[in-house]
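If you read the sequences in order, they're chains U and E.
All the letters of the first sequence, read from the start, carry residue numbers 20 to 301 under my numbering.
All the letters of the second sequence, read from the start, carry residue numbers 474 to 786 under my numbering.
Simulated from the structure, these hints should not be mistaken for laboratory data.
C-beta: ideal position from N, C-alpha, C; glycine also.
Please note that the accuracy of each hint is not assured.
[Unchecked claim] Listed below are the simulated DSS-like cross-link pairs for lysine-lysine, each with C-alpha atoms no more than 27 Å apart in a straight line:
1) E:LYS555 x U:LYS29
2) E:LYS494 x U:LYS29
3) U:LYS34 x E:LYS555
4) E:LYS681 x U:LYS288
5) U:LYS34 x U:LYS288
6) E:LYS529 x U:LYS34
[Unchecked claim] Some chain E residues flagged as far from chain U (calculated, every beta-carbon gap over 10 Å):
7) PHE503
8) ILE513
9) GLY515
10) GLU535
11) ILE541
12) THR545
13) THR603
14) GLY632
15) LEU676
16) THR695
17) LEU722
18) GLU731
19) TYR741
20) ILE764
21) ASN776
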Amino acid sequence: MKAITPTQPKQLSRKAILYSLLTFAGLVSLFPFYWMFVMATQPNHVINQTPPALLPGSELVTNFTNVLGTIDFFGAMMNSLIVSVSVTVGSLFLCSLAGFAFAKLQFKGRDALFVLILITMMIPPQLGLIPSYYIISQLGWLSDLKAIIVPGLINAFGIFWMRQYIKEAIPDELIEAARLDGCSNFRIYWNVVTPAILPAFATLGIIVFMNVWNDFLWPLVVLQDQSTHTLQVALRALSDSYNRDYGMILSGTFWATVPLIIVFLLFNKAFISSLTQGAVKS
Amino acid sequence: MVSNSEKYTEKKVKRSMSQEKRNSIAGYLFVSPFFILFAIFGLFPMLFSFYLAFFKWNGLGEMTFNGINNFTIIFNDPIFWKSIYNTVVIGLLGTVPQLIVAFLLAYALNAQALRFKNTFRVAIFMPYVTSIVAVAILFSIIFNSQSFGLVNSILGVFGVDPIVFTQSEWGAKIAIATMIFWRWVGYNTIIYLAGMQSISSDLYEAAKIDGATLSQQLRYITLPMLKPFILFTVFMGTIGSLQIFTEPLIFFGGNLREEGITVVAYLYRDAFENNFFGTASATAIVLFGIIMIFSVLNLLITNRLGRGKARKA
């Protein structure tokens, strides 16, 4: 009896601390998004006043029209989409194919090759930046989306991820059975393996898509022609424009962020669990 | 590989041997795209960087051998050292508080009988979904040097004069570190939360029965069990910090000032603005060395902690 009475107010205050901490963190996380929206709706003279506006204004359409006059927003979004979808589809195919080979096929030097792939994950991408740029320019791919797509297909983490998944998810007996039925290895991969690893495709797909969509340094280096800019490079060009029209700049970043947020809110459960799975297992 | 006695056995074995052969052909075929692409876009550029680091080259004309001069040049460049110093300071400012806060948030989110758990989780995680470019643009306006910048106008309420964030030693670093903090804190929270949820509740029950206080539970159960997750985030944070580039480039609007230039930004400017491909490659080699040192250190620490745990048990 003595033990119960003093814990109750203590527990209450603990709860209060808990909720206020989380609410504060949530507000800090969300406020910049809100403020981005507010600025995207304000004319420049309101933005330049002190204190800054905290409520939306009326220039939502004007600011976005100005964005369209400065950069090819939808073109850039299209480029981002083409690049991200191609890299995602292509690397999911290549990673699962290699993952299948490493998990289920016997060949000489298999384990050594796999270790080699794991080692390549430790190389920082900046190390080969300059020669890669040179190779791309020699191939004539500067300002060509191929410059992002083709090198993007190499994904050591993806192979690792797929190998682990296929090893666990598909029993050897299933593959043996398909073999007795006369299936070639590629047919086994296509008709037996791929349908069984759809969750692994989804998880890796989200990770790859996000990484490609948000990549900046490499596209900045190789996509020199404005018509090939991805969204990230185009946004940078927008914020570097000489007349610092903040309403316009934040309108651009706001509308570039909205699709990502919508996708995230729709799939947030899958999103969060896939990223933690991907992260923790690496 | 195949012994003689096996060769002379029946048809059945022969058929399975050809199956073996087919398997290895398919194996090599299926893994070859990675190695072909890696040879062109990974291995060759890497080796070429080591080569290029000893040459003078502007990307177009002749390459002339320069010995270790490229390294001498960058080691004598105060901005190079400044970029290393900035990278470390920004990395520490952005990562250390971030991981501590992430741990607290995960601990709070893991509390029993917490309502709106998913709402909090989604809100805290959302910054991670945005692109770094968008975050950097947004925060460069929040940290705008004029009095109308959000941070400056809040400081103004307390009577502090506007800080020119882009041109002050600590202002630039704090602004860049804040961007990193804001974008990554939710991500690490979710990693820690995943770790905490993997700890069996039996352990806590047993501890409660033994009369352990909350801080004792934290110290003897949560922290040790979370060790692999903490090491993962520290490792990723370190490697990520060493590669900071987008934030300073956007924050300074292309004019990379020495208050906030990082190693990768230094490399980028050398190569793609000044066309000094040789010295930029030398910088890349040094960066590679630093990352390798941190990776090895991290491996050693991980092993040591692992051993310590084994000894205790």
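Consistency of the hints with the structure:
no.	hint	result
1	E:LYS555 x U:LYS29	violated (50 Å)
2	E:LYS494 x U:LYS29	violated (71 Å)
3	U:LYS34 x E:LYS555	violated (46 Å)
4	E:LYS681 x U:LYS288	violated (32 Å)
5	U:LYS34 x U:LYS288	holds (25 Å)
6	E:LYS529 x U:LYS34	violated (64 Å)
7	PHE503	violated (4 Å)
8	ILE513	violated (7 Å)
9	GLY515	violated (6 Å)
10	GLU535	holds (14 Å)
11	ILE541	holds (18 Å)
12	THR545	holds (19 Å)
13	THR603	violated (5 Å)
14	GLY632	holds (14 Å)
15	LEU676	holds (20 Å)
16	THR695	holds (16 Å)
17	LEU722	violated (8 Å)
18	GLU731	holds (20 Å)
19	TYR741	violated (7 Å)
20	ILE764	violated (5 Å)
21	ASN776	holds (16 Å)
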